[in-house]
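**Q** Turn these sequences into a full structure, and let the hints steer you where they fit.
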Amino acid sequence: GESVGLHLPTLSVQEGDNSIINCAYSNSASDYFIWYKQESGKGPQFIIDIRSNMDKRQGQRVTVLLNKTVKHLSLQIAATQPGDSAVYFCAEGDTGTASKLTFGTGTRLQVTL
Amino acid sequence: GAVVSQHPSWVICKSGTSVKIECRSLDFQATTMFWYRQFPKQSLMLMATSNEGSKATYEQGVEKDKFLINHASLTLSTLTVTSAHPEDSSFYICSAGGGQRSIFGPGTRLTVT
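Keeping their order, the protein sequence lines are chains A and Z.
Quick note, my numbering runs 45 ahead of the 1-based positions in the first sequence.
Quick note, my numbering runs 32 ahead of the 1-based positions in the second sequence.
Please keep in mind that the hints were generated in silico from the structure rather than gathered at the bench.
Check each hint, because a few of them may be wrong.
Unchecked claim - Simulated pairs of lysine-lysine, DSSO-like, Cα-Cα distance not exceeding 27 Å: (1) A/145 x Z/87; (2) Z/98 x A/113; (3) Z/98 x A/87; (4) A/145 x Z/98.
To be verified - Every beta carbon over 12 Å from chain A, so not counted as near; a handful from chain Z, in silico: (5) 44; (6) 45; (7) 59; (8) 89; (9) 91; (10) 98; (11) 99; (12) 104; (13) 114; (14) 118; (15) 121; (16) 125; (17) 140.
Positions of the beta carbon are idealized from the N, C-alpha and C atoms, including for glycine.
**A** Here it is, written out as structure tokens:
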């Protein structure tokens, strides 16, 4: 089902530290997961994705971990920078080209100097 | 890379009037586009799936007669909010493609006075 949050949880991290943002997804049949970054007044920006046949995937400064047993997804950002401040959403779906995505609640990341 | 544009980026309209929002895929064709709505501090909620040349598929609870979707070409989908009311004020975001090919637009801020 859809996940709606009335108040975005906030994660405050000091510049240079690592950030870990968590997400619980709802559909055990989902086989594709994406992390998006959304800055104020803008559309979601793709960060990294992972398929259900993997449990870890690394990108530049970011790592996504998938635990299908407990339907949990996490995004790790190394050496967090002020430009990383934004709202982060996980989304689930399948790899089909016409597949709709279901978004998680979202987490606001605040990077302090 | 593939880009999706939206027009207008923001619009203010009076209660009772209708407003049309355009979603265009630039340099690529999209048989499927999606329309999302996002209220402040909340997640993206899927409203409908727009299919080129056929009727849109609406999510449960979304009034199809109020939110008219037309996908007349492979690069353009439009969302018309009819008889808009203040509660329709929101951030409307489209995406072209689906699943791992989802490309999001920058969003349209609608304010109904």
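**Q** Now, for every hint given, state plainly whether the structure supports it.
**A** To see whether the hints hold, each was checked on the structure:
1. A/145 x Z/87: holds, 16 Å
2. Z/98 x A/113: violated, 38 Å
3. Z/98 x A/87: holds, 25 Å
4. A/145 x Z/98: holds, 21 Å
5. 44: Holds, because the least Cβ-Cβ distance between residue 44 of chain Z and chain A comes to about 15 Å, which exceeds 12 Å.
6. 45: holds, 19 Å
7. 59: holds, 17 Å
8. 89: violated, 9 Å
9. 91: At about 8 Å from chain A, residue 91 of chain Z fails to clear the 12 Å cut-off, so the statement is violated.
10. 98: Holds, because the least Cβ-Cβ distance between residue 98 of chain Z and chain A comes to about 19 Å, which exceeds 12 Å.
11. 99: holds, 16 Å
12. 104: Correct as stated: the minimum Cβ-Cβ distance to chain A is 18 Å, above 12 Å.
13. 114: holds, 23 Å
14. 118: Holds, because the least Cβ-Cβ distance between residue 118 of chain Z and chain A comes to about 19 Å, which exceeds 12 Å.
15. 121: Holds, since 14 Å exceeds 12 Å.
16. 125: violated, 5 Å
17. 140: Answer for residue 140 of chain Z: violated, closest chain A Cβ roughly 10 Å.
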